[in-house]
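Chains as they are written, first to last, in my numbering: chain A, 40 to 344; chain B, 40 to 344; chain C, 40 to 344; chain D, 40 to 344.
Keep in mind the hints are simulated off the structure, nothing from the lab. Remember, it's a predicted structure, so these values are computed and weren't measured experimentally. Mixed in with the good hints there might be a few duds.
Identical copies carry no separate label here, and so any pair may be met within one copy or between two of them.
The list that follows gives simulated cross-link-like pairs (lysine-lysine, DSBU-like), each with its CA atoms no further than 35 angstroms apart [what the hints assert, rightly or not]:
id, residue 1, residue 2
1, 280, 329
2, 280, 291
3, 74, 291
4, 291, 312
5, 329, 312
6, 312, 74
There are 4 protein chains.
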Amino acid sequence: MPLTPDQQAEIDELRAAPRSTLRAVSEGMEAHLYKAIPVLDHGFVRVVDYMGDDAAITQAARVSYGKGTKSVQNDEGLIRYLMRHWHSTPFEMCEAKFHVKLPVFVARQWIRHRTANVNEYSARYSILDREFYIPAAEDLAAQSAVNNQGRGEVLQGEEAARVLDLLRQDSMRAYDHYEEMISQDGQQGLARELARMNLPANIYTQWYWKVDLHNLLHFLRLRADAHAQYEIRVYADAICKVVADWVPFAYKAFEDYRLGSVTLSAQMVDCVKRMLAGEEVTEETCGMSKREWREFRELWAQTTS
Amino acid sequence: MPLTPDQQAEIDELRAAPRSTLRAVSEGMEAHLYKAIPVLDHGFVRVVDYMGDDAAITQAARVSYGKGTKSVQNDEGLIRYLMRHWHSTPFEMCEAKFHVKLPVFVARQWIRHRTANVNEYSARYSILDREFYIPAAEDLAAQSAVNNQGRGEVLQGEEAARVLDLLRQDSMRAYDHYEEMISQDGQQGLARELARMNLPANIYTQWYWKVDLHNLLHFLRLRADAHAQYEIRVYADAICKVVADWVPFAYKAFEDYRLGSVTLSAQMVDCVKRMLAGEEVTEETCGMSKREWREFRELWAQTTS
Amino acid sequence: MPLTPDQQAEIDELRAAPRSTLRAVSEGMEAHLYKAIPVLDHGFVRVVDYMGDDAAITQAARVSYGKGTKSVQNDEGLIRYLMRHWHSTPFEMCEAKFHVKLPVFVARQWIRHRTANVNEYSARYSILDREFYIPAAEDLAAQSAVNNQGRGEVLQGEEAARVLDLLRQDSMRAYDHYEEMISQDGQQGLARELARMNLPANIYTQWYWKVDLHNLLHFLRLRADAHAQYEIRVYADAICKVVADWVPFAYKAFEDYRLGSVTLSAQMVDCVKRMLAGEEVTEETCGMSKREWREFRELWAQTTS
Amino acid sequence: MPLTPDQQAEIDELRAAPRSTLRAVSEGMEAHLYKAIPVLDHGFVRVVDYMGDDAAITQAARVSYGKGTKSVQNDEGLIRYLMRHWHSTPFEMCEAKFHVKLPVFVARQWIRHRTANVNEYSARYSILDREFYIPAAEDLAAQSAVNNQGRGEVLQGEEAARVLDLLRQDSMRAYDHYEEMISQDGQQGLARELARMNLPANIYTQWYWKVDLHNLLHFLRLRADAHAQYEIRVYADAICKVVADWVPFAYKAFEDYRLGSVTLSAQMVDCVKRMLAGEEVTEETCGMSKREWREFRELWAQTTS
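Same shape as in the complex, but just chain A:
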């Protein structure tokens, strides 16, 4: 997403005016403020505000621990303890606000995370821009043969070319007709709230999205996951980098106890114990369904570095 000169000027202006505050400041986050991180062909994520830092998490946790805490506890140690034991409320004490530009079909997945505040650009009130997501050649994946909800190999040759042609032509035609329908040149012009229905799901929209750190990490855990659709995962990946700079202790704990963690079912725990005791556990003796056994074996395979 190449920024327009106007947009870049606005960002430069906002970053040129530091002010004085008595609040907690995260230097890592200040470095990100307002800058647009490009995602996909026309999208971006940019931080527009934030509240709190790593210390805000332990400060809130210590209200609950108060006097009982005898020694000055190491901040990172406490954050790791809280993450490990699913104490979520201290992480809710930090908040971030993002401005995101994203295709509508990605926005539809994103909004399923309900515990956040959202203000979206209104196509009922305003006119949308002529900007559509067209996948790069290497992201044009075939349907997976084994997983209804997955991708297989990258499309090649004529099939790939045909798909790109269709996506481009249909997008442009839909937008031409959108403009034609709302035009008030020599006609009344269709209501915007109706005309927008002609636009496909790869058109870009934008919103302000505000969320607390606990719910943000939950979002990232699901959407930065290998099973998430590529087009939302790239947004999650971009936000992961921002969070790592904002609250480095919390993010490291998140990597260790969430992103890189593995949850074992009661049956799986039993199998690991038997395997540690030297038993050769097999699909027949594991006590799991065929699918669970495959997932159990994939767990270990996936996490091999």
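Chain A is fixed; fit chains B, C and D onto it per the hints.
Same frame as chain A, but now just chains B, C and D:
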């Protein structure tokens, strides 16, 4: 939306098998269960489950009132009192679950109400049907000249015909190309999660939507309102009728204290008092902005029966 | 609540270290940061962090309005419009975090507002302080004779003295016994999580409470109301002053369209219209219940300045 | 908690009046309806309403899967898959409503779970009963020496007797004084909303609590856990039995994938792999902190047998 014979048979089967329960039963709601109420050209709303009735509201309220309630209070009176004084928690004790089929652009407005449970048909996993919303001629409104977020007169003649042609042709073409891209006939076939991006916002989706009565009434207050977009209002109107049969006391209170109510600002209250005292209040002497003064006068005009 | 020298020193230290930020800054809120506003005999409210200002509200609203907004709209006018028309999401874009010290029976009312983030001092983990709320003589109200959920006149003479004696003595005795039970001096000592059960509801607790502006205003609307219990209303009143300094446009709109507003039922609207037309409406001809008619008449009486 | 004859008669009456419904019915839950399950010395839990069953979970999940599901998938298999892969929304499609009587200090922990609907008996409006939780001798635990937030051995002899005496006497005295203060016999009588502040946290309160299955299971996971305080765990244990009868497939999956599961951090996964490969991993070579290493070893110990 004409039901297919299969769908009608399924509904008939579900309605043919009454069972015994010890729970509260609302006869008004039982009469609606599973039946599809047609909305727009291919959409519907149908109740698939519910919990509670008018008595469940007062039962919960009386836990909070307990022994202090000396006389046996009239159920309807208590419900009206609770509604009038914004006691929301007793209304949260009733719950309804709907199966809704609706255009994607309507679903995008609907989902902004976050306090509900939703399971939507997944176009990532499954293939969408060839069903698109095409407005009826009388709903093809022009953009409002005075309100960015509103409709003006109905389009006429050639302009109307051209709009309908464009919507129909673009829908059909987009779906043809969607099918072509995912086809595995002589090619790999594009992943479903990618192909869906070519489909416009008037395609139909469907979901299960579960919500408590308090949040349902809040939804209805906003979406059954004259300012809501017509295409979501018709769903709200259909649900209003269902709620009126489900919890008649609560619905009547909702009509009197929400749908038909008027909220006056501090300045408006002052004006009403001066007017009641015989003063001729004008735009100059009202103490409101031009826009507020217009809204104040419209309030009274709107509610004239 | 007289601060200890340690507490005052900590506040002074925090306020002595301004830092540079690129975020939006509210000068009105900076002036409040960390300072403890005394409430009741040992309680306080203090702002420990915030995000956003009046401009953050309009900024978010304009994402939804985008290009459609032709003229540069006045910020205050837009905020008033949003408040008047119940557009809640732009107000969710501001956030505040408070440190509050309050009696347990007040905390139990407060926590019923679920849309907030809370970390409370844990009496399971830590030892509570010997601090109890004892009402001032002028706040020692009798039970209302007409309203189960209300107060009547202030208690006088011996009755008042006896009540204060009981509250003081029972508090001190309960705390003595709490200390005796957890003491590990010559005995094992009861678990803190059990010993706390002996403490009465006027003991003070404390928490960090973080909430967005929309939900904060909703809290204030209910708790700064004349019908709220005095002991929570004084906290709401203190917070109202803070919000007025933080987001002055939003707070003024809140005063005009919420705190000072009046909601008329359909029946009441009808009566006002008849009264404006010169009719003498009476309890017999008003179409309301006895109780509603009284409330209708009180509405106008209350708001007479 | 021995029921009064009146309470038992009310339950018998409710259970004697089966009605006809077209909704999904869970026979396991019908058997529980209205019956009070005793918990602690005066508390109880009873189901007062519910919505949905195991089939409602798969029904909602299949809306998202639609046509893509080629074979008729086994209901239990699908439920286990959804639970294993953290698909939470289908579980939100079931709902239960409980009437709970519980000590105030337990209620204060319980209410921290915000995603539920609650109506509590109001001590502002009504008069509380003279019922206090006094622990059984075997539950009178000492403070843990190693864990601030835990219990050690059971108190013995004189120390135990003294604690029980103090709890009993302070409860009775506090209630005597509460009654004396609100009495209107020869005096005005203190307002109820003030008098309640004299009552200790072991007094019983009661509420209606309504929650969806996903959030209920989350509550049970945290509160039926060995680290939860005994006095809330007994409520969670009672509810676990009810859920097992209500939605047996979902409950079994919950046992296997949540209650009996173990989450391994990235470091722990690495250690398990090295151990499976035959390496003798020690505290020095494990790459974890001392505390994490201890927790890692306890994980395996806990789940033995």
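Hints and how they fare:
1. 280 x 329: between (37 angstroms within a copy, 29 angstroms between copies)
2. 280 x 291: This pair counts as within: shortest intra-copy Cα distance 11 angstroms, inter-copy 38 angstroms.
3. 74 x 291: both (23 angstroms within a copy, 33 angstroms between copies)
4. 291 x 312: Answer is both; intra-copy 28 angstroms and inter-copy 21 angstroms each pass.
5. 329 x 312: both (20 angstroms within a copy, 22 angstroms between copies)
6. 312 x 74: Result: close neither inside a copy nor across copies, 50 angstroms intra and 42 angstroms inter.
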